[in-house]
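Colleague: Please put together the full structure from these sequences, using the hints given.
Position 43, counted from 1, in the sequence shown is what numbering that gives the first Met the number 0 calls 42; the numbers after and before it change by one each time, with no gaps.
A hint or two may mislead.
Okay, derived cross-link-like pairs now, DMTMM-like style, lysine to aspartate or glutamate, Cα gap no bigger than 20 Å in a straight line [stated by the list, open to error]:
| id | residue 1 | residue 2 |
| --- | --- | --- |
| 1 | K124 | E104 |
| 2 | K124 | E87 |
| 3 | K60 | D79 |
| 4 | K109 | D119 |
| 5 | K60 | D115 |
| 6 | K57 | D119 |
| 7 | K109 | D68 |
| 8 | K75 | E104 |
These aren't lab readings, by the way, just hints derived from the structure by calculation.
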Amino acid sequence: MSFLRKPEDEPRIDLTPMVDVVFLLLIFFMISTTFVESPGISIKLPESSAQTIDREPKEIKVYLSREGDIYYGERKITLDDFRGLLAEHQSEAERTTVLLLADQESRHGKVVTLMDLARDAGYVKLAIATEQRKK
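Modeller: If you want it as structure tokens, here you go:
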């Protein structure tokens, strides 16, 4: 008497759990990554208890270091370069905010100079970035 034997399937490796693990690792690293706001320069913003304002969709971020150096993005610029930068975006001046991120140790005169240049170029929305005061 002969019994019928079932044909044996070849063993297969299921990749679904490995794909799940890789996907979870990707999500973990994306969430735990920190993003640097100020590029390449160290700026310690002054503390303030003032309220937070809504950010405009268009803004020009200018950094002022403790030494008085002006940066736009990661590029160090002069006052003449800043004037040119403001002139480039002058067609959108009424809808654009000039955001000044000045170190708390920077000279007050330089901050006022940058704000005056922006005001003279027709920008009406000027903001100085601060950190929230710890209570």
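Colleague: Decide if the proposed pair is consistent with the structure: K109 and D68, CA atoms, cutoff 20 Å inclusive.
Modeller: 9 Å, holds
Colleague: Please verify whether K124 and E104 have alpha carbons no more than 20 Å apart.
Modeller: Violated, at about 24 Å.
Colleague: When you check the alpha-carbon spacing of K124 and E87, does it fall within 20 Å?
Modeller: 16 Å, holds
Colleague: Does K75 pair with E104 here, judged by a C-alpha cut-off of 20 Å?
Modeller: 18 Å, holds
Colleague: Hinted pair, alpha-carbon criterion (20 Å max): K60, D79. Please report holds or violated.
Modeller: The given pair, whose Cα atoms are some 16 Å apart, holds under the 20 Å limit.
Colleague: Decide if the proposed pair is consistent with the structure: K109 and D119, CA atoms, cutoff 20 Å inclusive.
Modeller: 15 Å, holds
Colleague: For the pair supplied as a hint, K57 and D119, is the alpha-carbon distance within the 20 Å limit?
Modeller: Roughly 19 Å between the alpha carbons, so the hint for K57 and D119 holds.
Colleague: Next pair to validate is K60 with D115; report whether the Cα-Cα distance is within 20 Å.
Modeller: 15 Å, holds
When each numbered hint is compared with the structure, a violation occurs for hint 1 only.
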